[in-house]
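Number of protein chains: 2
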Amino acid sequence: MGPGDDCALLQVPPNTLLAVSTDTLVSGVHFFADMDPTALGHKALAVNLSDLAAMGADPCWVSLALTLPEVDEEWIKQFCAGFFELAEYYNVALVGGDMTKGPLSITVSVKGTLPEGKGLKRSGAQVGDGIYVTGTLGDAALGLQKVLGNITVPEAHKAFVRNKFEHPHPRILAGQALRDIATSALDLSDGLMGDLAHITRASGMRAQIELEQIPLSAAMQDSVSKEQGWELALTGGDDYELCFTVPELHRGQLEMALAHCGVKFTRIGRMFTGIPDVELLLEGHPYQLQSQSWDHFRQP
Amino acid sequence: MGPGDDCALLQVPPNTLLAVSTDTLVSGVHFFADMDPTALGHKALAVNLSDLAAMGADPCWVSLALTLPEVDEEWIKQFCAGFFELAEYYNVALVGGDMTKGPLSITVSVKGTLPEGKGLKRSGAQVGDGIYVTGTLGDAALGLQKVLGNITVPEAHKAFVRNKFEHPHPRILAGQALRDIATSALDLSDGLMGDLAHITRASGMRAQIELEQIPLSAAMQDSVSKEQGWELALTGGDDYELCFTVPELHRGQLEMALAHCGVKFTRIGRMFTGIPDVELLLEGHPYQLQSQSWDHFRQP
Chain S
1 MGPGDDCALL QVPPNTLLAV STDTLVSGVH FFADMDPTAL GHKALAVNLS
51 DLAAMGADPC WVSLALTLPE VDEEWIKQFC AGFFELAEYY NVALVGGDMT
101 KGPLSITVSV KGTLPEGKGL KRSGAQVGDG IYVTGTLGDA ALGLQKVLGN
151 ITVPEAHKAF VRNKFEHPHP RILAGQALRD IATSALDLSD GLMGDLAHIT
201 RASGMRAQIE LEQIPLSAAM QDSVSKEQGW ELALTGGDDY ELCFTVPELH
251 RGQLEMALAH CGVKFTRIGR MFTGIPDVEL LLEGHPYQLQ SQSWDHFRQP
Chain R
1 MGPGDDCALL QVPPNTLLAV STDTLVSGVH FFADMDPTAL GHKALAVNLS
51 DLAAMGADPC WVSLALTLPE VDEEWIKQFC AGFFELAEYY NVALVGGDMT
101 KGPLSITVSV KGTLPEGKGL KRSGAQVGDG IYVTGTLGDA ALGLQKVLGN
151 ITVPEAHKAF VRNKFEHPHP RILAGQALRD IATSALDLSD GLMGDLAHIT
201 RASGMRAQIE LEQIPLSAAM QDSVSKEQGW ELALTGGDDY ELCFTVPELH
251 RGQLEMALAH CGVKFTRIGR MFTGIPDVEL LLEGHPYQLQ SQSWDHFRQP
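Sequences listed follow chains S and R, in order.
Using UniProt numbering, the first residue of the first sequence is number 1, and each one after it goes up by one.
Using UniProt numbering, the first residue of the second sequence is number 1, and each one after it goes up by one.
Honestly, the hints are just simulated from the structure, not real lab data.
Mixed in with the good hints there might be a few duds.
Since the list gives no way to pick out one identical chain from another, each pair is judged satisfied if it fits inside one copy or across any two copies.
[As the list claims (entries may be wrong)] Here are the simulated lysine-lysine pairs, BS3-like style, with alpha carbons at most 30 angstroms apart: (1) K101 - K146; (2) K101 - K264; (3) K146 - K226; (4) K77 - K101.
Bound-form chain S, shown alone (with noise of 0.2 angstroms):
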């Protein structure tokens, strides 16, 4: 059953565990109010989608509540023609929705599947193994500085920045692959630096980072100094690339795993015993930043 009754009935199959994410994305907080519906539609759903693929998990459900100050047509069919053709290219059900009026603000669910003892835990880190991301960091972070008029980037670059901005794409292929290579994951929404400390506090062990190792675009690199690139990286937001630790006797079956998908990743640095914390070296040596990591109570 789908929408329409008072609830959505699901089946999950035997030996599979249900894993269930959701968030909610508030204008003004998360997005401009004037967001572009057919991005804000897609971002709102891959947001969610992103917290299966750090998971492992196969998409399969999603509910959508949207909160909107007055019943705009127009807005509503662009919105989700961008949510919708997300949905469909991961094969993932709407069951369930809830609209109602309100300053716009919209909370998705999204449910997958995992086969029993699968799913990429924050807690599974070891000591010696390689720390890696997929894709390239900051770009999302460059685009709100952009948008705010802070930064400027190059005309040859501004669509791909844009888009890394608005169109953040969820890694669901990677995680599926690397659900018996990585010993954890997480996704990167909140930056690397806070994001990962996760991972060091969950796994009880320190984290070491490379900066030459992390991988900035070319629209990065031509926008800003290789300082300012690392700040963005490492504090800016809405990456939604996986995080992930990998034991070096599995790097020959990560390297297929991820060629075998197309998914680009870097090995950034290293898991030690120590103090739950992620420590920064440059050529060497100790490196500090000044920011922290994104906070959404923060206006954009």
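With chain S's structure known, arrange chain R on it following the hints.
Frame of chain S, contents of chain R only:
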């Protein structure tokens, strides 16, 4: 795994379906901005559990997305007191959450389980079935009109009316008891007239209601005229009682089952062949109401 990792992982027992319901409550639309936070915490969960009750499901898990204009620790503490008191009563575990800054709103998603092939749908009513409701109707609407200053409620009934308005109790036990007895069911959130119309449309037949049979509380009878009482019962929202249909053959079974869980219920009409609609009778003659249904796009 509970909150903390990217997703909650839930184990759904074999041969059961997962029932999922999501609702958003927005300040100034679904509740007054100055509503007692403990009552609000209770109500936010209660209206969702009511959807599970309407399906006959066993509540298991809940996720909570809270959007607040500022971090007010005392408010959050009181909200959680109301929310978790009800969650513990039904042994519902929190398995995810999100807290963001923005205009006050609350999205709750509850998950329950149902033996395969059981769920109470809206489409199962049969010609000749009796139409029943639990409890008394219209009391929450009476409470709203009292707060708005439109109706004066005698001193002796004020606490009762306030409680029905702020502390709706989901009919979980009744819903479970009705699983093998009722042919259709839903919960009354928008008023009997509009809600019962869903059953008539889904089941493809008409409903005949005898106004004299509609259960009105002593508070209602002492506060307004009979006609006003019916109006509030038929078009007022927020009652969260169950409305369901039962074949005459199962009447004895129904009485035993609901007596067992201590829930009062009343037979208010019957299903007939005909164009899907709700027909009102007063002393055997057609009766016309003014307003239609509770509109969430109408400010309280």
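Against the structure, the hints come out as follows:
no.: 1; hint: K101 - K146; result: between (32 angstroms within a copy, 23 angstroms between copies)
no.: 2; hint: K101 - K264; result: neither (42 angstroms within a copy, 34 angstroms between copies)
no.: 3; hint: K146 - K226; result: within (17 angstroms within a copy, 64 angstroms between copies)
no.: 4; hint: K77 - K101; result: both (17 angstroms within a copy, 27 angstroms between copies)
Of the numbered hints listed earlier, the single one contradicted by the structure is hint 2.
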